[in-house]
Amino acid sequence: MEAATTPDEEDEVLLQAELAAVDALIAAADTNLWSLLCAITTPRGYT
Numbered sequence: 042m043e044a045a046t047t048p049d050e051e052d053e054v055l056l057q058a059e060l061a062a063v064d065a066l067i068a069a070a071d072t073n074l075w076s077l078l079c080a081i082t083t084p085r086g087y088t
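Using my numbering, you'd call the opening residue of the sequence shown number 42 and step up by one each time.
Derived by calculation from the structure, the hints in this document are not laboratory data. Every value quoted in this text rests on a predicted model; they were computed, and no experiment measured them. Think of the CB as a built atom: it goes at the ideal place given N, C-alpha and C, for glycine as much as any other residue. Mixed in with the good hints, there may be bad ones.
To be verified - Okay, the calculated beta carbon distance ranges per label pair: (1) Glu53 to Trp75: 30 to 40 angstroms; (2) Pro84 to Leu55: 42 to 52 angstroms; (3) Leu77 to Leu55: 27 to 37 angstroms; (4) Thr46 to Ile81: 46 to 56 angstroms; (5) Asp52 to Gly86: 53 to 63 angstroms; (6) Ala45 to Leu77: 42 to 52 angstroms; (7) Arg85 to Gln57: 39 to 49 angstroms; (8) Thr46 to Thr72: 32 to 42 angstroms; (9) Pro48 to Ile81: 42 to 52 angstroms; (10) Ala61 to Thr82: 25 to 35 angstroms; (11) Thr47 to Trp75: 40 to 50 angstroms; (12) Leu77 to Thr47: 39 to 49 angstroms; (13) Glu50 to Ile81: 40 to 50 angstroms; (14) Arg85 to Leu56: 46 to 56 angstroms.
Sequences and hints are given; from them, build the entire structure.
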């Protein structure tokens, strides 16, 4: 009986999932940093 995927294919799938997770974390951090930057540089009364 043959395996459905090879170890290399499984590694590739895991790598792609890890990269997607890292991309999501970076996007979330970028959004939070941009919001913080806007909050600290916006003059009072201009919300």
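Evaluation of the provided hints:
1. Glu53 to Trp75: 30 to 40 angstroms: 33 angstroms, holds
2. Pro84 to Leu55: 42 to 52 angstroms: Given a distance of about 48 angstroms, which is inside 42 to 52 angstroms, the answer is holds.
3. Leu77 to Leu55: 27 to 37 angstroms: 33 angstroms Cβ-Cβ, so the 27 to 37 angstroms window holds.
4. Thr46 to Ile81: 46 to 56 angstroms: Given a distance of about 49 angstroms, which is inside 46 to 56 angstroms, the answer is holds.
5. Asp52 to Gly86: 53 to 63 angstroms: Since the Cβ atoms of Asp52 and Gly86 sit about 55 angstroms apart, the hinted range of 53 to 63 angstroms holds.
6. Ala45 to Leu77: 42 to 52 angstroms: Since the Cβ atoms of Ala45 and Leu77 sit about 46 angstroms apart, the hinted range of 42 to 52 angstroms holds.
7. Arg85 to Gln57: 39 to 49 angstroms: 46 angstroms, holds
8. Thr46 to Thr72: 32 to 42 angstroms: 35 angstroms, holds
9. Pro48 to Ile81: 42 to 52 angstroms: 49 angstroms, holds
10. Ala61 to Thr82: 25 to 35 angstroms: Holds, since Ala61 and Thr82 (Cβ atoms, about 32 angstroms apart) stay within the stated range.
11. Thr47 to Trp75: 40 to 50 angstroms: Given about 42 angstroms between the Cβ atoms, the range holds.
12. Leu77 to Thr47: 39 to 49 angstroms: Given a distance of about 45 angstroms, which is inside 39 to 49 angstroms, the answer is holds.
13. Glu50 to Ile81: 40 to 50 angstroms: 47 angstroms, holds
14. Arg85 to Leu56: 46 to 56 angstroms: Given a distance of about 47 angstroms, which is inside 46 to 56 angstroms, the answer is holds.
In this structure, none of the earlier numbered hints is contradicted; all agree with it.
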